[in-house]
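K.L.:
These are the residues of each chain, in order.
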Amino acid sequence: MHAIQARFNYLPAFALAALADALQCSVAEIHSVSSFYHLFNHSPRAYDIRFSHNIIEIYQGKAALMQQLLDGLQLKQGQVRPDLRVCVDNTSCIGMSDQGISALVNGLPVTHLTPARITQMIELIEQSIPISQWPATFFQIDHRIQHKNRLLNSQIKAGDVLTKLSDKAQMWQTLQQAGIRGCGGAGFPVYQKWRLCQATPAKQRIIVCNADEGEPATFKDRVLLSDYPEWVIEGMTIAAQLIEANQGFIYLRGEYRYLLPMLEAVLAQRRRLGLLGPAAGFDIQIYLGAGAYVCGAETALLNSLEGQRGIPRAVPPYPVNHGYLGWPTVVNNVETLAQVTLAFLIGGQHFAQIGTAASKGTKLFSVSGDCQAGIYELPFGTTVAELLALANATEVQAVQNAGAAGQLLLSPDFHRRFCFDDVASTGSFMVFNRQRDLSAMVANFAQFFAAESCGFCTPCRVGTRLMAKTVEKIQAGQGHARDVDDLTDLCHLLRHHSHCGLGSSAGNHIRDTLTQRPDLYPLKA
Amino acid sequence: MAETAEIFIDGQRVAFQAEQTIMMAAHAAGIYIPHLCHHPELKPHGSCRLCVVEVNGRKLSACTTLAQQGQIIHNQRADLIASRRCVLQLLFVEGNHVCPACEKSGDCQLQALAYAVEMISPRFAHFYPQRTVDASHPDILLDYNRCILCELCLRASRDVDHKNVFSLQQRGDKTHLSVNSASGQLADSTLALGDKAMQVCPVGALLSKQTAYQTPIGARLYDQKPIAQGEAHDG
Chain Z
1 MHAIQARFNY LPAFALAALA DALQCSVAEI HSVSSFYHLF NHSPRAYDIR
51 FSHNIIEIYQ GKAALMQQLL DGLQLKQGQV RPDLRVCVDN TSCIGMSDQG
101 ISALVNGLPV THLTPARITQ MIELIEQSIP ISQWPATFFQ IDHRIQHKNR
151 LLNSQIKAGD VLTKLSDKAQ MWQTLQQAGI RGCGGAGFPV YQKWRLCQAT
201 PAKQRIIVCN ADEGEPATFK DRVLLSDYPE WVIEGMTIAA QLIEANQGFI
251 YLRGEYRYLL PMLEAVLAQR RRLGLLGPAA GFDIQIYLGA GAYVCGAETA
301 LLNSLEGQRG IPRAVPPYPV NHGYLGWPTV VNNVETLAQV TLAFLIGGQH
351 FAQIGTAASK GTKLFSVSGD CQAGIYELPF GTTVAELLAL ANATEVQAVQ
401 NAGAAGQLLL SPDFHRRFCF DDVASTGSFM VFNRQRDLSA MVANFAQFFA
451 AESCGFCTPC RVGTRLMAKT VEKIQAGQGH ARDVDDLTDL CHLLRHHSHC
501 GLGSSAGNHI RDTLTQRPDL YPLKA
Chain D
1001 MAETAEIFID GQRVAFQAEQ TIMMAAHAAG IYIPHLCHHP ELKPHGSCRL
1051 CVVEVNGRKL SACTTLAQQG QIIHNQRADL IASRRCVLQL LFVEGNHVCP
1101 ACEKSGDCQL QALAYAVEMI SPRFAHFYPQ RTVDASHPDI LLDYNRCILC
1151 ELCLRASRDV DHKNVFSLQQ RGDKTHLSVN SASGQLADST LALGDKAMQV
1201 CPVGALLSKQ TAYQTPIGAR LYDQKPIAQG EAHDG
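Line by line, the protein sequences give chains Z and D.
Residue numbering for the first sequence is 1 to 525, as defined by this note's numbering.
Residue numbering for the second sequence is 1001 to 1235, as defined by this note's numbering.
These are calculated hints, taken from the structure and not from any lab test.
Careful: at least some of the hints might be erroneous.
[To be verified] For each label pair, taking beta carbons as the anchor points, the in silico distance ranges come out as: (1) Ala476/Z <-> Gln1185/D: 39 to 47 angstroms; (2) Pro1040/D <-> Gln74/Z: 52 to 60 angstroms; (3) Arg434/Z <-> Arg1058/D: 20 to 28 angstroms.
[Said to hold, decoys possible] Only part of the chain Z face toward chain D is listed, based on derived beta-carbon distances under 8 angstroms: (4) Leu19; (5) Ala22; (6) Leu23; (7) Gln24; (8) Ala28; (9) Glu29; (10) His31; (11) Gln447; (12) Ala451; (13) Ser453; (14) Phe456; (15) Arg465; (16) His499.
[Stated by the list, open to error] Here are some chain D residues the structure puts well away from chain Z; computed CB gaps all over 12 angstroms: (17) Pro1044; (18) Ala1101; (19) Asn1180; (20) Ala1187; (21) Pro1216; (22) Arg1220.
C-beta atoms are modelled at their ideal positions from N, C-alpha and C, and glycine is treated no differently.
Okay, chain D solo, but in the shape it has when bound:
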């Protein structure tokens, strides 16, 4: 029966295999469902809530929901896009995201998604949290101002690199990323440029030093194609 297994995303038939999530099936079919905390090589997480779609009338995160025969799924409906815009506005409020001054600009999924859902202005009063930058590591910069708590680096470091460099501290809006070294500094951790953890940050929180601005603004990934049309970083 595997060949007949299909779901319907915005009216389009999409084949899926057993154990595939809606996100995986959509991705395989070339359909883009917005996401920030999802990466195909890591276990589904479901925290950013950008990939919430409507499945048979219920709003569920596409990255954690298994595809099941005949599901009627809405992805690009106006109210869902409006909710995604609101989620993005919340992420911008929570951190200190200054796109013009960020070297990830043009390669940043947060910025690209904001353009994609036409988040043209800030909405809520910004929190302007006091956060720091960890520049202790010779090759890597960690700017906590830009962290969106997707835990991709944490999960990649723990589950792929088996180094377990990162953890989360506290809870609620005080939740923040930290480094599992005695000093709390990146320099004292085992993080290395070649780690998976270095390839998955959707924003400019984890950057490699000495490579900034090698690709000029205007020629970067999302300068060429919107995120929904191009191959995402996690392609």
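Isolated chain Z, as found in the complex:
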């Protein structure tokens, strides 16, 4: 489908029919999958523009720029222009919160948008200039690595760690001593996950790198994949040796499609070196997502990898026992795999020397908002206040930690420490100063979850939309005490009765703001 869309900018009916024919299924079944993913278009347009619609960009003035573009193109949001030239719409965070206001144009990120750049874009579109001929500066992505610790300070070449590995018993020991826990959010111990997978009898096993970095305002995996790809791929190869996997996948979010040629080149080079491919008994394929936050959840990711709708599976069985096509599968986050490589480079005991008792090593933070945005690598145990100081954040009203699904931190929390026992981080760290009206954040997150719910279970499918509508009603000055009760009950229902982690965390921002910032919910007398 990506190949079809890359060629036509949408999925034409005849192409889907041909695909259905080849797969011996109905067009409706193909459409069932394609319509699940927001980045697939089902109607023609020459230019498809999607503004990253996260609170960070909203506070920076995204709405005005989008309006300028819509007005310039004489267009309404979400509508294809009658000449089939262009469509402009929103999409969930595209992982560019450190790059100013940004948008995907035919799937490629255009960053640092300004009124002048929008004017240029309008001209380019009206003149039908293909995006391959747009100025390269439009697509420039500057990695702002603001603070390095031992991972980002280290350099390796392909095979540096792999060629020096000891026997498997020692490797397991290294992994256990390092005490790495998953960086994707759940914090599951890597050693245990790999052991469980390896202990499941099977003819083959699978290692998946979860590069579906969809939590609003995270971009650390983008930076790792761009600047430190060897670390990630080396980590996957180490995993393959230990769990005895012969196939690996990188599930790359569709928004990061621009990284694909570079990553393919890295894999090709590794095949030439014999580190991947038939001789190595292990190879890696890259699989592109297509715009679905839920696919960051490992079982939804596996369904997506199998070419299905990205619905989270019921667990158990867990992927380590029954994963991709039923094979025992380890799914690890990009950063986790990079940290594994570091552990094997410096040794497990050495690795575990920094951090806290339960959280070893360092953590990458994607910092954005009212501060010096960029990547910060800090040891576990660092306090929120320390990170804020490093990022030159002043007049801080609030921090949203761990993305929209995370937690709101106000100044009394700033002494708390980043670790799995206290402030658990997925990497996203949004800073809001005292000038910001946090109502906009609440509304944005509520819309985000309604847009990203997979629709499988009732609480999330209906509850997230109802939450967004209720928030909208209250913010329009039409709220009653009963609406707040409704929100409270919906938060409870989502938390405890949803099918998956997306649903159970979809009310967190409402819960946190209702308890800590009730002033954001003004009610009619």
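Once you have looked at the hints, place chain D on chain Z.
P.N.:
Frame of chain Z; chain D shown alone:
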């Protein structure tokens, strides 16, 4: 050890066999756990979330959770019933459910469950979605207004009838059922009255034509006994 395998549902000892879910064990023991997307002849699904019970302190769907020795399970606790009422309110908000005008009234599991948990009034603002009715098939009516996305028809058609008549389109609150025929119409599908898919719809979305109102209102399944006491359709 099989004879000693037991769980406790609201304090009652319930025997179970290996590979049985909590739902199956409860059903075998005559204990009713509310559900809409579950059918004993189909693979557990876990989407409606009505059967969420508390298992050793964790809220889990009874239809997808395996019974394990000694589990302490709460089914009929007030907070769980309140949550089920809320789930039902969400289902009523999402579709267009007009019980007095529906021929499934009295035989409808959604309606019967709403009575069972004392959902006496609507709560949230209704979405009033624009949905259609497919009356193209000579024997079958498909009213999308009443679909609750339980996927029972989809699964029965795919897994039992091996016809694969239905699929889901889009995602989130835009998710909707569709027919896998070239025209998208039921008439162009292979669905037949005798299909399993025709027997599993818990609401009035899939109805057989020409049989409406043969059983008068007042004499229908849940007019005689509440859903929790009677044998459910899926008995």
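K.L.:
Work down the list of hints and note, for each, if the structure agrees.
P.N.:
These are the hints, each one checked on the structure:
1. Distance hint for Ala476/Z and Gln1185/D: a CB-CB separation of about 41 angstroms, consistent with the stated range 39 to 47 angstroms.
2. Taking 52 to 60 angstroms as the suggested C-beta distance range, the pair Pro1040/D and Gln74/Z conforms, at roughly 58 angstroms.
3. For Arg434/Z paired with Arg1058/D, a C-beta distance near 40 angstroms fails the hint of 20 to 28 angstroms.
4. Annotation: Leu19/Z was flagged as interfacial toward chain D, and the flag is violated, the nearest CB pair being 15 angstroms apart, outside 8 angstroms.
5. The beta carbon of Ala22/Z is not positioned within 8 angstroms of any beta carbon in chain D (closest approach about 17 angstroms), and the interface hint is therefore violated.
6. About 13 angstroms separates the beta-carbon of Leu23/Z from the nearest beta-carbon of chain D, more than 8 angstroms, and the hint is not met.
7. Given hint, Gln24/Z at the interface with chain D, is violated; its Cβ is 11 angstroms from that chain's nearest Cβ, farther than 8 angstroms.
8. The interface hint given for Ala28/Z holds, since its Cβ lies 4 angstroms from the closest Cβ of chain D, which is under the 8 angstroms cut-off.
9. Using the Cβ-Cβ criterion of 8 angstroms, the hint placing Glu29/Z at the interface with chain D is satisfied: the shortest such distance is roughly 5 angstroms.
10. At a threshold of 8 angstroms, the smallest CB-CB gap from His31/Z to chain D is about 6 angstroms, leaving the interface hint in force.
11. Taken as an interface hint, Gln447/Z does not check out: its beta carbon lies about 11 angstroms from the nearest beta carbon of chain D, beyond 8 angstroms.
12. Because the closest C-beta pair between Ala451/Z and chain D is about 6 angstroms apart, less than 8 angstroms, the hint holds.
13. Here the hint on Ser453/Z is kept, as its CB sits about 4 angstroms from the closest CB of chain D, short of 8 angstroms.
14. For Phe456/Z, the interface hint holds, the least distance from its beta-carbon to any beta-carbon of chain D being 5 angstroms, beneath 8 angstroms.
15. Here the hint on Arg465/Z is kept, as its CB sits about 4 angstroms from the closest CB of chain D, short of 8 angstroms.
16. Proximity of His499/Z to chain D holds as hinted, the smallest CB-CB distance being about 6 angstroms (cut-off 8 angstroms).
17. Separation of Pro1044/D from chain Z is inadequate, the least Cβ-Cβ distance of about 7 angstroms not exceeding the 12 angstroms criterion.
18. Here Ala1101/D stays apart from chain Z, with its beta-carbon at least about 22 angstroms from theirs, past the 12 angstroms limit.
19. The beta carbon of Asn1180/D sits about 4 angstroms from the closest Cβ of chain Z, which is not more than 12 angstroms, so the claim that it is off the interface is violated.
20. The Cβ of Ala1187/D lies farther than 12 angstroms from every Cβ of chain Z, with a closest approach of about 15 angstroms, so its non-interface assignment holds.
21. Against the 12 angstroms criterion, Pro1216/D stays outside the reach of chain Z, whose nearest CB is about 32 angstroms from its own CB.
22. Remark: the non-interface label on Arg1220/D is consistent with the geometry, its nearest Cβ contact in chain Z lying 25 angstroms away (cut-off 12 angstroms).
This entry does not satisfy hints 3, 4, 5, 6, 7, 11, 17 and 19, going by the numbered hints stated previously.
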